[in-house]
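2 protein chains.
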Amino acid sequence: MILVLAKIAVKKGKSNELLDISKALIRKSRIEDGCISYNLYSDVENEDLFVMVEYWQDEKALNEHFETIHFKNFGVEISDVLAKDIDLDKYDLGELL
Amino acid sequence: MILVLAKIAVKKGKSNELLDISKALIRKSRIEDGCISYNLYSDVENEDLFVMVEYWQDEKALNEHFETIHFKNFGVEISDVLAKDIDLDKYDLGELL
Numbered sequence: 001m002i003l004v005l006a007k008i009a010v011k012k013g014k015s016n017e018l019l020d021i022s023k024a025l026i027r028k029s030r031i032e033d034g035c036i037s038y039n040l041y042s043d044v045e046n047e048d049l050f051v052m053v054e055y056w057q058d059e060k061a062l063n064e065h066f067e068t069i070h071f072k073n074f075g076v077e078i079s080d081v082l083a084k085d086i087d088l089d090k091y092d093l094g095e096l097l
Numbered sequence: 001m002i003l004v005l006a007k008i009a010v011k012k013g014k015s016n017e018l019l020d021i022s023k024a025l026i027r028k029s030r031i032e033d034g035c036i037s038y039n040l041y042s043d044v045e046n047e048d049l050f051v052m053v054e055y056w057q058d059e060k061a062l063n064e065h066f067e068t069i070h071f072k073n074f075g076v077e078i079s080d081v082l083a084k085d086i087d088l089d090k091y092d093l094g095e096l097l
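One line per chain: the protein sequences are A and B, in this order.
The letter at position 5 of the first sequence is residue 5 when you use full-length UniProt numbering, and the numbering goes up by one with no holes.
The letter at position 92 of the second sequence is residue 92 when you use full-length UniProt numbering, and the numbering goes up by one with no holes.
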């Protein structure tokens, strides 16, 4: 199982735009074969900071996710909303028990 | 390094109460020796769901955290706000590089 924590920082006042842009990504990612869960959270102390918490069955599922149209579209649409590059931490949690 | 994802579900309408109760916990946890980061996030699709994302230097630091007064106080204060037990995932990410 793979855990991904994607930390997202948006420009001042752009949080609603991020929420709109993320809806399609979240909906379509959740129905991908190897997706266990895919949730977006907002930092309670700073409305411009978010984390996407994603659990994937394995590395293959995650790599396929990166190749999907909805993921690539997200990358394009979010580019002018981001304050800096998305900080993606990826952890291999071993076999899915 | 230890990563903790503590998923918190509160009763309907109790999210502000959780935010208040968490302030002291967050402030005091961040100044503990082995605490790398300690942040509370709110689920953008459900205001009653939260995740505390915590990075600890090692298991010893986390165990000491569980014994602190501010952690134990949090457990007492949050008990009647919780919709169900906190779901705590703990991952050993190996040596802090």
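In case anyone wonders, no lab produced these hints; they're calculated from the structure.
Do not rely on the hints blindly, as some may be mistaken.
What the hints assert, rightly or not - Keeping only pairs whose Cα atoms sit at most 30 Å apart, straight-line, the calculated BS3-like set for lysine-lysine is:
1. A:LYS7 to B:LYS60
2. B:LYS7 to A:LYS60
3. B:LYS7 to A:LYS23
4. B:LYS23 to A:LYS12
5. A:LYS23 to B:LYS28
6. B:LYS23 to A:LYS72
7. A:LYS23 to B:LYS90
8. B:LYS28 to A:LYS28
9. A:LYS84 to B:LYS60
10. B:LYS60 to A:LYS11
As the structure is a computational prediction, the values presented were derived from the model and not from experiment.
Structure-based check of all given hints:
As the CA atoms of A:LYS7 and B:LYS60 are separated by approximately 26 Å, the hinted pair is consistent with the 30 Å bound. A distance of roughly 26 Å separates the Cα atoms of B:LYS7 and A:LYS60; the hinted pair therefore holds under the 30 Å criterion. Annotation: proposed proximity of B:LYS7 to A:LYS23 holds, straight-line Cα distance about 21 Å (limit 30 Å). Restraint check for B:LYS23 and A:LYS12: the C-alpha separation of about 23 Å stays at or below 30 Å, so the hint holds.
Note on A:LYS23 and B:LYS28: the hinted pairing is violated, with a Cα-Cα distance of about 35 Å set against a maximum of 30 Å. Between B:LYS23 and A:LYS72, the direct Cα distance comes to roughly 37 Å. Violation of the 30 Å bound is thereby established for this hinted pair. With a C-alpha separation of about 28 Å, the suggested pair A:LYS23 and B:LYS90 falls inside the 30 Å cut-off, and the hint holds. Between B:LYS28 and A:LYS28 the CA atoms are separated by roughly 39 Å; this puts the pair beyond 30 Å, and the hint is violated.
Proposed proximity of A:LYS84 and B:LYS60 is contradicted: the alpha carbons are some 34 Å apart, above 30 Å. Simply put, B:LYS60 and A:LYS11 have alpha-carbon atoms about 38 Å apart, too far for the 30 Å limit, and the pair is violated.
Going through the hint list in order, the structure does not satisfy hints 5, 6, 8, 9 and 10.
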